[in-house]
Amino acid sequence: MRGTEFMTTAQTDWFDTPAEPAAEDVMYVDVGGYEGPLDLLLDLARRQKVDLAAISVLALAEQYLAFIETVREKRIEVAADYLVMAAWLAYLKSRLMVPQAPSDDEPSGEMLAAMLQFRLKRLEAMRRAASQLMNRPRLGFQVYARGMPEPIEIRRTSLWEASLYDLLKAYAGQRERGITTEYSPIQRTVWSLQEARDILQRLIGDSFEWVSMDSYLADYLVTPAERATIRASSFASSLELVRLGQIDLRQTETFGPLFMRRRKADRP
Amino acid sequence: MSGLSDDDRSEVLERNLRVLEALLFASSEPLDANSLLTYLGEGANIGELLLTLQSRYATRGVNLVQRADKWAFRTAEDLGFLLRRDEQENRPLSRAALETLSIIAYHQPATRAEIEEVRGVATGKGTLDLLMEAGWIRMRGRRRTPGRPVTYGTTDAFLDHFGLETLGDLPGLDELKGSGLLSGRLPPNLQIPLPFDDAALRDDEDPLDPDDLGTDEDQD
Amino acid sequence: MSGLSDDDRSEVLERNLRVLEALLFASSEPLDANSLLTYLGEGANIGELLLTLQSRYATRGVNLVQRADKWAFRTAEDLGFLLRRDEQENRPLSRAALETLSIIAYHQPATRAEIEEVRGVATGKGTLDLLMEAGWIRMRGRRRTPGRPVTYGTTDAFLDHFGLETLGDLPGLDELKGSGLLSGRLPPNLQIPLPFDDAALRDDEDPLDPDDLGTDEDQD
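These protein sequence lines are chains A, B and C, in that order.
Per the numbering used here, the very first residue in the first sequence carries number 6; after that it's consecutive.
Per the numbering used here, the very first residue in the second sequence carries number 77; after that it's consecutive.
Per the numbering used here, the very first residue in the third sequence carries number 77; after that it's consecutive.
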């Protein structure tokens, strides 16, 4: 029966004979339907329709070997473990048919047969156990657990931690922060020496008359905050221009106005 | 049903109650009477059965409760504590909370506006709530100024937590400078108040009203 | 407890039973006696209380059942037909998985090689994975034999799923023991091991390594 069941699956493709095989044939050929050689043996034994303890192990071995032969004739590949079992059964068969010599240390045919029977019975027992297990009232099938579990609700309370150091650091930090935000540096205009020199060159131009520096710079000296930097940079630049021989400087009295003029080009 | 003997009737009743027990136990949500009825024998009075079941479980650790027109087993209310567990978690205080706490410590009694003035940012009510929950600050009273803002001060638990005997143990300006917590370059007019240590209200504080929830009228 | 009057004793008993009802009812997973004990008054006999509760619910639609050393409320087995849920995803186990599960259940602790010996065929690793994912088997340890193969055993969830109090309740266990079919080794007339129920490792088992994923060194 199981053979036919598996026949309906993709394993049908294995047949190279398109003809509808006989029912017996189907079972034998469908090696893929068995879960290993022991399963196949158990199935064959079952068909002896007797208690496993009463089966003819010799007949079983012969049936198995015949089965494998049939399958191989049909050029169906047989998995290695089926062939290993076939070899073992051939050995078993020979042990059962040949009387044991007294000097023989090998296990007797009867012992080998008993071993096979044991394994078959054990497999069958496990199968029966499995089905008994599955027939029990199972959780979620016949027996049910609490549908609306009321889980343990965990209320987390926070235990806050802070050290005195943290506290003081926080306080000092924000007091200092308050101070620095009040301080905004005054933006000053600073004349660079280069800037002052450029401006002086432009203002003096080609004037060979003595003109005071302050009157040259009058436009820039309006803002009191900028006077010092403008005067300082301009004075320093004018000294540089004198050194280069481009202008003359003259001061008539201490703290008096500073006059400057272009040096005559023909007197370098 | 009228043809049944008392024994039979009681057997039918018990069977129906068992079915209801099983259904209500296993259901993942409360069940209404009508859908329960379909599982019972013919002629069953579902309303009566549910009330019977309810009274049977009334004194048990689980009760049959009605929620709208649906029914469910629920743990008895007085045993609810069994299903709750408290867990404590140690967590560091946020910087905002630390700053707020330190301002209250030094400047108390301090109103929220005063705290914000020192911090330069608005202080969330959550920060004050957290500090009150931690048991470190308390509402002292209300300042006698327009809006009557709540004044905050520290608690004994605050002293306890930070290992201070009195608020006077909080370091002053020189000590903060000496410990390097304050840098040297400070304007000469910077002052650090001497924390006010008295539990009694100050002259400019009114007591809180008995039912005062501490809400500043002009805020929140 | 000896100093209590009968009334007081009965009150304490009822209170403890109510607490157990509430805790066990609220949970969908079995709870072990020891953790239940922490919720009861001092001197409570948890074993006795659970048996009392079990007998009280024995005829109800919901029963108190024992699963290994844990307890849970479950719907009565005879009402299963009423509660069968259509939406229940009924993915049948493959024959290979079923056989593997029963071999582990009856022969535990069992190694993969032992399972394969009984089945006479190689066991795909997927089969064991599937059973572990279902929560029915677990890796117990490693057998002290060459290759140190992993040993498998069943879990409490296995007992719960199949409605077994202990592994001793496995169907047909006595008969199997009697027939010697649970013997791993041949000949069968020698020692008959029982399914080994104990969470503790056996003499021939080593614990799993901390980072052990249970991969047999000589396989896969």
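Derived from the structure by calculation, the hints contain no laboratory data.
Careful, some of the hints might be misleading.
Unchecked claim - List time: in silico BS3-like cross-link candidates among lysine-lysine, alpha-carbon distance up to 27 Å: (1) C:K146 x A:K126; (2) A:K54 x C:K253; (3) A:K54 x A:K98; (4) B:K201 x A:K174; (5) A:K98 x A:K79; (6) A:K174 x A:K269; (7) A:K98 x A:K126; (8) B:K146 x A:K174.
The hints, checked one at a time:
1. C:K146 x A:K126: violated (35 Å)
2. A:K54 x C:K253: Roughly 25 Å between the alpha carbons, so the hint for K54 (chain A) and K253 (chain C) holds.
3. A:K54 x A:K98: holds (21 Å)
4. B:K201 x A:K174: holds (23 Å)
5. A:K98 x A:K79: Between K98 (chain A) and K79 (chain A) the Cα gap is close to 24 Å, so the pair holds against 27 Å.
6. A:K174 x A:K269: violated (70 Å)
7. A:K98 x A:K126: holds (20 Å)
8. B:K146 x A:K174: Violated. K146 (chain B) to K174 (chain A) sits at ~59 Å, over the 27 Å cutoff.
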